[in-house]
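Participant: Here is what each chain is made of, one letter per residue.
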Amino acid sequence: MRPISLRLHERPITQVLFNREGDLLFVAAKDKLVSLWYTTSGERIGSYQCGGVVYSIDVSQDSKFLITASADARAKVWDVQSGRELDSTDFEVSARSIEFSQGDKQILVVTDQVMGCQAKIHVFNFDKDEVRKLSLSYTLPSPQCKITQATWGPLNKTIFASCEDGAVRIYCTEKRELIKTILDHNKLVTRIEWTKHRIMFMTCSKDGTAKLYDTKTLKLLRTFDTGRPINAAGISPTKPHVILGGGQSAESVTTTKVDASQFKVRFFHIVYGEELGGLIGHIGPVHSISFTPDGKTFATGGEEGLVQVNHLDESYFEFDDDLIYNPPVQH
Amino acid sequence: MTSTTMDNRVPIEKTSEVIVKNEKGEEVKVIKRYQEYQITVKRNRKVDERKKWEKFGECKNKTGLENTAYGDEQFLILARGAEVKEEEKDVVRCRICKKNHFTTKCPYKDALELTTQPQKSEKEEKPASNKYIAPNLRGGYTGSAPSGSDVPSIMVSNLSQNATEKDLHELFGQFGPVSRVSIPKSIEGLSKGFAYVTYNHLDSAEKALKQLNGHRYDYLVLSLEFAKKKSLN
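Sequence lines, in order, name chains A and B.
If you're matching positions, the first sequence starts at 1 in the working numbering and goes up one per residue.
If you're matching positions, the second sequence starts at 332 in the working numbering and goes up one per residue.
Hints in this document: simulated from the structure, not taken from any laboratory.
Here a beta-carbon is modelled for each residue, glycine too, at the ideal position from N, C-alpha and C.
One thing to keep in mind: the hints can contain errors.
[Said to hold, decoys possible] Residues on chain B that point at chain A, a partial pick, calculated with CB under 7 Å:
id, residue
1, E389
2, C390
3, F506
4, T529
5, H532
6, L533
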């Protein structure tokens, strides 16, 4: 396996994202730039210049629209192919997280809790065929603490928000109110990652653990303890593996012991919860991990601005083959 | 994205007949037999369309590969059941129980300190007078020579460089309990070719001197003598 290194961004990577087919890779970074690459060759197609630090991006299912949330308090809609800006919405404070709903008809935007403003989740309607403009539908009640990420639940019936106080708050989109709070983590929850079809989800936290839950019952299924802050997780869509990335945060590097091995991305078995191995490559904390939908490639983005695209070898797919969850065969 | 499948693994036999003129001008029929495999490649039309996209923004009229680097070959080794151990040994080591935590946080601290403390206090009681005593003469510090015993050390010279302290313990232990073996070493960590051995009793020292002087050890002949006592003042 020869990882492809993309060294364009000069500041920390905030998100790496594949489109639905996995042939395009979007990279958002704190240098106010979102770049677009071909996954197979590592060739850059273009970039989208935002006005502030880009915290979060998402791409529509048909790979035509890119949405960005940035620190210049704007959420923007871009045309992927031409790099043109289609629409922009202003907020009072910086936008932290953005995501298309399933079906691309709505967009949620999370705004920060700063300057006396409460953290809020705004839901916009988006008509991708004709108007291509954002129109505010509703705003959910604030949880009174900073939200790091919000994501749509199955069938867009719920919105899951990961919060700074270690809670995962679940909102009902119909009643537009808080319906459930999961309080398992002690520290900030950095990310919520879905498995394929959103049957399970995984929360990553600064307290050094990642937890896997069943979406329907919200039962805690598995805890992965790494002993260091976890910023990102990638769940393989084809193999029973989880990749966890993280490491000491940049501000505490000078005050604590750091070696390069703590920034490696680590493979865990999703059923047994044991560590399988790791890959060393980054020299700073890993901020984002993403798998292609075919499970053959994954990308990681780190604090040092490096993005690595790993096309997994044949030998990886031969490993553990008896444990793939195949649907039961009926005779 | 794209997937290749061998749709029909059974080859289709085909023949072609061509009539060619050979060197003599005769007409010859050449029959070629060959096998044909049918391969179906599934491609995503949208992905293929996207591959033809023109570059935009900063990347216009560029190859797009300016910031791309192909890294060295990496091997992802996955193993189940094998614990992946952290390389964090010897960073913090407890002075009391030699385990991986700070000395102040040692759980055996109280238990082990009780056994060592009475010895310490005895030593401290000795210099009771107000007179200045040089640091090397104070009770706590014994220096290189063992204190409290009149048994002189034996200097072993012409010693092989391969001999370790454990070897000498074995060799000299035959004649009585050995209290100390030291092999002076150079900066490179090599033995200087001699050693000091101290016995608990004078008898065993004399016995060893008699027996081992001229003893063949490794490939050298040892020579033993009583070490001159260090004059401390």
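Participant: Do the numbers back the hint for E389 (chain B), that is, is its least Cβ distance to chain A under 7 Å?
Facilitator: holds (6 Å)
Participant: Under 7 Å, Cβ to Cβ, is where F506 (chain B) needs to be relative to chain A, so tell me if that hint holds or is violated.
Facilitator: violated (50 Å)
Participant: Mind checking the CB of L533 (chain B) against every CB in chain A and telling me if the closest is under 7 Å?
Facilitator: violated (52 Å)
Participant: When the nearest CB of chain A is found for C390 (chain B), is that gap smaller than 7 Å?
Facilitator: holds (5 Å)
Participant: With a cut-off of 7 Å, does the beta carbon of T529 (chain B) approach a beta carbon of chain A closely enough for the hint to hold?
Facilitator: Violated, because the Cβ-Cβ distance from T529 (chain B) to chain A comes to roughly 42 Å (cut-off 7 Å).
Participant: Return the status of the interface hint for H532 (chain B): holds when the least beta-carbon distance to chain A is below 7 Å, violated otherwise.
Facilitator: For H532 (chain B), the interface hint is violated, since the closest Cβ of chain A sits about 49 Å away, which is over 7 Å.
Checked against the numbered hints given earlier, this structure breaks hints 3, 4, 5, 6; the rest are met.
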